[in-house]
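Using the sequences and the hints given, assemble the complete structure.
There are 2 protein chains.
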Amino acid sequence: MKNYITHDEWCIVENGFHPEHNEITESLMSLGNGRMGQRGNFEERYSGKTLLGNYVAGVYFPDKTRVGWWKNGYPNYFAKVLNACNWIGIDVQIGGQMLDLNTCQIEEFSRVLDMKKGILERFATVILPGEKRLKIHSKRFCSMADDESGAISYSVTPLNFEEDFIITPYLDGNIRNRDSNYNESFWNEIERETSENCGYLILETKENPYGVERFRVATGMRFTATVNGVDVQPESLPFETEKYVSASIKINLKQGEELAVYKYAVNLSSSNYEAGNLLDAAKSYIARISEKGFEQLYTEHILVWADKWAKNDITIDGNVAAQQGIRFNIFHLGQTYTGEDERLNIGPKGFTGEKYGGSTYWDTEAYCIPFYLATAEQKVARNLLVYRHKHLQKAIENAEKLGFTGGAALYPMVTMNGEECHNEWEITFEEIHRNGAIAFAIYDYTRYTGDKTYLPEFGLEVLIGISRFWKQRITWSKDKNLYVMLGVTGPNEYENNVNNNWYTNYIACWTLRYTLETIGGLWENDSKKLNEIIVKTNLQLNVELADWKHIVENMYFPYDETRKVYLQQQGFLDKEILTVDDIADQRPINQRWSWDRILRSCFIKQADVLQGLYLFEEDFEPDVIRRNFEFYEPMTVHESSLSPCVHGILAAGLGLKEKAYEMYVRTARLDLDDYNNDTEDGLHITSMAGTWMSVVKGFAGQRVKDGMLVLNPYIPDQWNSYSFRIGFQGSWLKISVKKQEVIIENTSEKALALLVNGKEVYLEAFAKTQI
Amino acid sequence: MKNYITHDEWCIVENGFHPEHNEITESLMSLGNGRMGQRGNFEERYSGKTLLGNYVAGVYFPDKTRVGWWKNGYPNYFAKVLNACNWIGIDVQIGGQMLDLNTCQIEEFSRVLDMKKGILERFATVILPGEKRLKIHSKRFCSMADDESGAISYSVTPLNFEEDFIITPYLDGNIRNRDSNYNESFWNEIERETSENCGYLILETKENPYGVERFRVATGMRFTATVNGVDVQPESLPFETEKYVSASIKINLKQGEELAVYKYAVNLSSSNYEAGNLLDAAKSYIARISEKGFEQLYTEHILVWADKWAKNDITIDGNVAAQQGIRFNIFHLGQTYTGEDERLNIGPKGFTGEKYGGSTYWDTEAYCIPFYLATAEQKVARNLLVYRHKHLQKAIENAEKLGFTGGAALYPMVTMNGEECHNEWEITFEEIHRNGAIAFAIYDYTRYTGDKTYLPEFGLEVLIGISRFWKQRITWSKDKNLYVMLGVTGPNEYENNVNNNWYTNYIACWTLRYTLETIGGLWENDSKKLNEIIVKTNLQLNVELADWKHIVENMYFPYDETRKVYLQQQGFLDKEILTVDDIADQRPINQRWSWDRILRSCFIKQADVLQGLYLFEEDFEPDVIRRNFEFYEPMTVHESSLSPCVHGILAAGLGLKEKAYEMYVRTARLDLDDYNNDTEDGLHITSMAGTWMSVVKGFAGQRVKDGMLVLNPYIPDQWNSYSFRIGFQGSWLKISVKKQEVIIENTSEKALALLVNGKEVYLEAFAKTQI
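In order, the protein sequence lines correspond to chains X and A.
Counting in numbering that gives the first Met the number 0, the first sequence runs from 0 upward without gaps.
Counting in numbering that gives the first Met the number 0, the second sequence runs from 0 upward without gaps.
Worth flagging that the hints you see were computed from the coordinates, not collected in a lab.
Mixed in with the good hints, there may be bad ones.
If chains are identical, the list can't say which one is meant, so a pair holds when it fits in one copy or spans any two.
To be verified - Calculated lysine to aspartate or glutamate pairs in the EDC-like style (CA-CA distance at most 16 angstroms, straight line):
no., residue 1, residue 2
1, 563, 629
2, 253, 161
3, 479, 575
4, 738, 239
5, 310, 744
6, 477, 560
7, 242, 190
8, 400, 19
9, 528, 113
10, 470, 575
11, 477, 575
Below is the structure:
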């Protein structure tokens, strides 16, 4: 836990420089726009602790796998999000001395991420040798409006001296991923060019033996300068060396004169441009944005944020820390994924770091889709589904590597391009419940949006592939006279290679049922389309559907008759049943205990049976949910960032308000307060959606039933009021929950009927109601 | 399977050069003497496929661990058997051209390992450019009599030409381990010296951050030369460079003249000499052996082998391949470990390669000890036990790292110095049955030798440490009202993290019982000594012994009432029960199937329940053994080299002669025929003891019951006769088994009573009997 970040409703504020936490601050203050992202690094050189990080969406490198012992079926490479060319760099030399905040005295310092505007700003006054006081002010953003560009305004003012300043904006491609498996560099230079006040660098990912696509990224920059607000055009001295271009200007500044540099940069990827044309594209992009100028770019950028906040803001009155926490989560989700490009996804660290490889986990389906469904245009969630459809063939190949046949699909645990990029057998090969989450997301989307086109167009093919996988993955137990699922790892990764994980068995059966229903529905409504899919997937109607039905009817689910709870897996009750209070001094167990001890303990890393009861709530009586919650929650250590929100939502539904609030607090400020001591590696982007869910699905009880939006809002005792905005099937609502009342406002043109506390409420366009 | 090795009773013969198999031949023809070992490399330079390998017993390096994902409790390093200075090298230049069998034409070639004498000999006639025919003859050994030295006789004869020959014997320390985790070099040079016809190189293992002992090794050489058998003393030109020393002589040879070089070398380790004194020690060692001269060294060496064979030879009449196979196994065991030094152990590859790290696995206790007990002096097996006693404190620390307390000891899965050197959690943390094998070996030794001193002196302390581990490792299952053991991997590594592995549960209870019995026995016979041990180990008699007894009486053992077989682990019958015949086209499964598929299949890598029935045979009725054998053997794929011998011994005991012979064939020529396609990495040294057991415990039914040697010999139909030699409590026997009779000869001065086919036989000193 760290507490150096100032509590503020809209801003993340570092008051006074904390060099010891600099990498944490850099993570917290990362900027992005869906296409590119940049950690909160300084523009000028900094010799202290820093993780320079610039990332271009969809650009990765297949880093050679590192394992202790190779197992058949492991992937050859681990696709790494690629740390790319540094585009923010501006060297400042004052009288021949390089400005470096690590070596000079700092008189004043603040770094502020304004989440309302998506702007990172820095104010500092530093003292250089000879008691020279220098003021620094920088401001930058990754433009949401022109989403392959960023802009920086960087100014210096000598407060009590006159000196020659050399200012050198540069692009530097000599960048390595900190977590490269063998400390290799992943970039080659293709081309570079400098002129006057411009520079361009085209880098390409190195050759690889895996046949993986190579990416080129063109980074370009141009800058202008003013002194006291007046344009100046001093002679610029371009310089080039391997993977580096710069241009320097020299200006004599008198005491009190402010030199401001406006640096415009672009990052264009060969995913979006013809590789041979990148340099030209970069030049014209740079020309276009620098012509707009900083102020116009800035205005266009903050307008996009204003529109986003209008759709997804949550306000909390009565607790600034909670307010800051929830906006922090929403802000990062919003700048990580915009839904414009169905080839992209939501990396576990977004654009804030490079730990873990790959960009896509089941987090997307289980956690992020509900957030985007409710807070963005329909196409955003739909694009996340299409992403998986695009990877269906790879998922089929992935399953084939593990011995499955006939179109069975196993989606990877971690991926960038559809290929598996994870290499712990207990996860890669066994944490197969991920396949179920991908099926569930199709249902979730269809239920929320009412969109009947996705299933026939894309979804059913995916469901058939996944159903085929489940069919082959289960085993008929002669001993039990039922189907069993052997050797899996459930969502609770503190168990490995267990038999009959209740959650996995449940979601497998659910998938089969949903696939059968979908086929049945299409049979009645569009048999022509169904026929196309049957032909395309070579579905053996008589055999396969009968098999699936037989499995649905004959699956084994571990259950304890005494306690009347589902068992997380077969044999769970052989464990010593303790509660987290019994090991209070030994947590987090993942940092204190050896793996075998964790495995044979009853302690649960993240919701498992409860994850199932959360997803499939409608299938279970409240009493059942309560009994299971009361059994499992006391042994859950929540050492996954994905866990507390699920427990929180269930607790809220069960009326366990204190528990629900405790869970909310755990998720909301996880990164801001560096709860897990790992924020320096980057933020936990995907679990941020869980924080949003804790409020909207938890406190406000948002659900969809029979095609209708449902709300059952209450207010935590700790707050005075809160409000949130959600969209539903074309309508947009603002819901304000106060101690005594709930106000629901339809902010859109489309009328909507919804259920609030069990009663139907009808809201005309722009109407408001009080409950 | 490869068949290029000529079948021969005493020799391993490569007739004609097989460069494509050179690394295999190098492994097969490795030489050793317990202190040092050398692969069957060429003396002269060879630019083809080769793995140069020279190993010095007990010398290792802590190579930084490489894992994909770090888990708490993993060791920081993996102790690697260290490839050391090349001492056999002799460069040959003829008219300025370097001799290299990879680039010249080969007219005749044979490489022969004479196992009777422990000599590697090579004959070749090669054709050099200009149709020059050159004869080469080399002969070398690692002296069994002077076990820190080796000697080489190397001669060349120009058959049809006259030329200047430059001969350069050298020592080269520029050697890397092929399997270094990060391709690092592990040696520094400390000192080097050359003079006339001598050279010395002192290397030290690099600094390491783990506080692991650094080793120095002094390698020294001296050489003499003759022409046509007459000493010559041409001027010698010494040369030195980093980690390299040499001395060259130049001689003009006329057609038909034979130049022979005799190279003497030593490898002295700082484990045995004061580090500062190594150079002097090497010089005086070299002086001593070179003074003896090649012939005397040779004679003394082969006398040691003669003595060894007199103790442990097995003859087989009727099948040369079988004869060669069994001697090959005995030979390598004999040169890997001599039992002189209780700090050493039997590495999985011995001195024949460097794959895997560490030198000690449970193979030593479960497989090698029975071999050394029966074929070597008592101290050899005893030293192997003492080795583990020396590591007791480390085993306690190892257990502490995993959260155990109060003197609980967990011996490592792989080790060099007592610290764990393995880093797959399912093995390192969970394959804990190894602890039981270490306890069992104490029993096995005591039973075989009748030595009553080992238990009080060393053994009981180890038993107490292991018993404490079992006590803490088990869990009381309220559900079963019995003790269970959760999260283990049994000997069958094709199951991971299972609950209640029958074998592990059994050996744990057995250990507790044996410890209790040992304490009880000592209580009666030597309560003073017992008291010392109680004080030393801080044993809480009332509490701990009562706990152990309660566990012994209340352990859960999975069992199938229908089939009346023990279940390998809880839930085994949920699997689809198939036989290996069902997957004949898919074997070996470890090369064809992904790990999850292997894990959820019923297929067994190596004996597991059957390993228990083999070790604890006396606890079970033959019917029980038969039922379990008939259940498990059909699903055992024997993809571990340690498996077939156990099945073979059980089969022999059950009268399943064909199965027993099938299993024997599988183990005996595993390396010779490169059955697993991995002989090039080195030989499977520890499983070689299993081959010996297949004959002696299998076909001949050797056992010990109530302190008496037992034999129940039969002869496989495929053989005419076989004989073997074993020692038992000071007597030495030769047992010859023929189609119609068994002849037992006491070759020692000590009379012996034994049970043969259930009847007592009494043999006076040097007496013989026919049965």
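Going through the hints against the structure:
no., hint, in the structure
1, 563 x 629, "within (11 angstroms within a copy, 40 angstroms between copies)"
2, 253 x 161, "within (4 angstroms within a copy, 89 angstroms between copies)"
3, 479 x 575, "between (25 angstroms within a copy, 12 angstroms between copies)"
4, 738 x 239, "neither (63 angstroms within a copy, 89 angstroms between copies)"
5, 310 x 744, "within (13 angstroms within a copy, 96 angstroms between copies)"
6, 477 x 560, "between (22 angstroms within a copy, 14 angstroms between copies)"
7, 242 x 190, "within (8 angstroms within a copy, 44 angstroms between copies)"
8, 400 x 19, "neither (46 angstroms within a copy, 31 angstroms between copies)"
9, 528 x 113, "neither (49 angstroms within a copy, 76 angstroms between copies)"
10, 470 x 575, "between (34 angstroms within a copy, 15 angstroms between copies)"
11, 477 x 575, "between (29 angstroms within a copy, 8 angstroms between copies)"
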